[in-house]
Amino acid sequence: QKEVEQDPGPLSVPEGAIVSLNCTYSNSAFQYFMWYRQYSRKGPELLMYTYSSGNKEDGRFTAQVDKSSKYISLFIRDSQPSDSATYLCAMTLSGSARQLTFGSGTQLTVLP
Amino acid sequence: EAGVAQSPRYKIIEKRQSVAFWCNPISGHATLYWYQQILGQGPKLLIQFQNNGVVDDSQLPKDRFSAERLKGVDSTLKIQPAKLEDSAVYLCASSLATSGSGNEQFFGPGTRLTVL
Numbered sequence: 008q009k010e011v012e013q014d015p016g017p018l019s020v021p022e023g024a025i026v027s028l029n030c031t032y033s034n035s036a037f038q039y040f041m042w043y044r045q046y047s048r049k050g051p052e053l054l055m056y057t058y059s060s061g062n063k064e065d066g067r068f069t070a071q072v073d074k075s076s077k078y079i080s081l082f083i084r085d086s087q088p089s090d091s092a093t094y095l096c097a098m099t100l101s102g103s104a105r106q107l108t109f110g111s112g113t114q115l116t117v118l119p
Numbered sequence: 006e007a008g009v010a011q012s013p014r015y016k017i018i019e020k021r022q023s024v025a026f027w028c029n030p031i032s033g034h035a036t037l038y039w040y041q042q043i044l045g046q047g048p049k050l051l052i053q054f055q056n057n058g059v060v061d062d063s064q065l066p067k068d069r070f071s072a073e074r075l076k077g078v079d080s081t082l083k084i085q086p087a088k089l090e091d092s093a094v095y096l097c098a099s100s101l102a103t104s105g106s107g108n109e110q111f112f113g114p115g116t117r118l119t120v121l
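Just so you know, the sequences run in chain order A and G.
Count along the first sequence starting at 1, add 7, and that's the number in the working numbering.
Count along the second sequence starting at 1, add 5, and that's the number in the working numbering.
Where hints are given, some of them may not hold.
[Unchecked claim] Okay, derived cross-link-like pairs now, DSBU-like style, lysine-lysine, Cα gap no bigger than 30 Å in a straight line:
1. A:Lys49 with G:Lys49
2. A:Lys49 with G:Lys88
3. A:Lys49 with G:Lys16
4. A:Lys9 with G:Lys49
5. G:Lys88 with A:Lys9
[Claimed, not checked] Chain G residues, not near chain A, derived (Cβ > 10 Å throughout):
6. Ala7
7. Lys16
8. Asp68
9. Arg69
10. Gly77
11. Val78
12. Lys83
13. Leu89
Calculated directly from the structure, the hints in this document are not laboratory data.
Computed from a prediction, not measured in an experiment: that's the story for all the values here.
Using N, Cα and C, we set each Cβ at its ideal position, and we do this for glycine too.
Let the hints inform the model, and build the full structure from the sequences given.
Given below as structure tokens:
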């Protein structure tokens with residue numbers, strides 16, 4: 008079993024739709040949770056960063072962490088064609104060596 | 006602020022040949038990471054440097070992979086000899102620190118390696 012599981016998709020939605028992306032994980036020691044966006048032939052870029060359980064909102068993006076269920080989500084409201092990319096969840100343990108453990112990524116296409 | 010620079014962007018080699026990748030992190034970033042991203046998978050950490058010292062190389066296949074970060078700035082990753090399964094994108098990332106608020110990792114565009 009992988010430490011982090013993520014539905015690979017692909018996911019295709021019409022412009023303006025609400026998108027829900029999810030990851031589950033097995034290691035209860037993970038404390039920091041991130042979502043990265045990766046455009047084709049580019050490196051990942053950090054979208055959202057949350058510590059422990061709870062919600063965090065940034066514009067059209069909302070990240071949720073439920074540590075009791077070992078489940079994290081990213082919601083995208085009013086999705087745009089420019090949101091078309093691969094979304095990677097990542098998480099780390101607390102401590103000084105912040106090795107990221109990534110999910111396999113979900114490929115999202117927002118159709119105009 | 007200039008981002009993480011990597012070169013070359015693309016490389017095609019035959020199996021058993023050697024190859025080297027170069028990374029220049031964001032100025033002032035003490036921590037540097039090399040990741041391997043196989044098609045359809047998330048990045049996997051190969052090695053992490055703090056300045057010019059190795060913090061974690063537990064997932065680096067040391068029989069064929071080597072990396073160095075002389076002077077604590079630029080870094081090179083080498084594969085010798087390459088195998089077919091080494092075909093992947095090699096990503097370099099850097100962060101200001103390994104703990105606290107400066108932990109965010111900034112990624113370069115990657116080097117896409119194809120081994121024939």
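- Unmet hints by their number, sorted upward, for this structure: none
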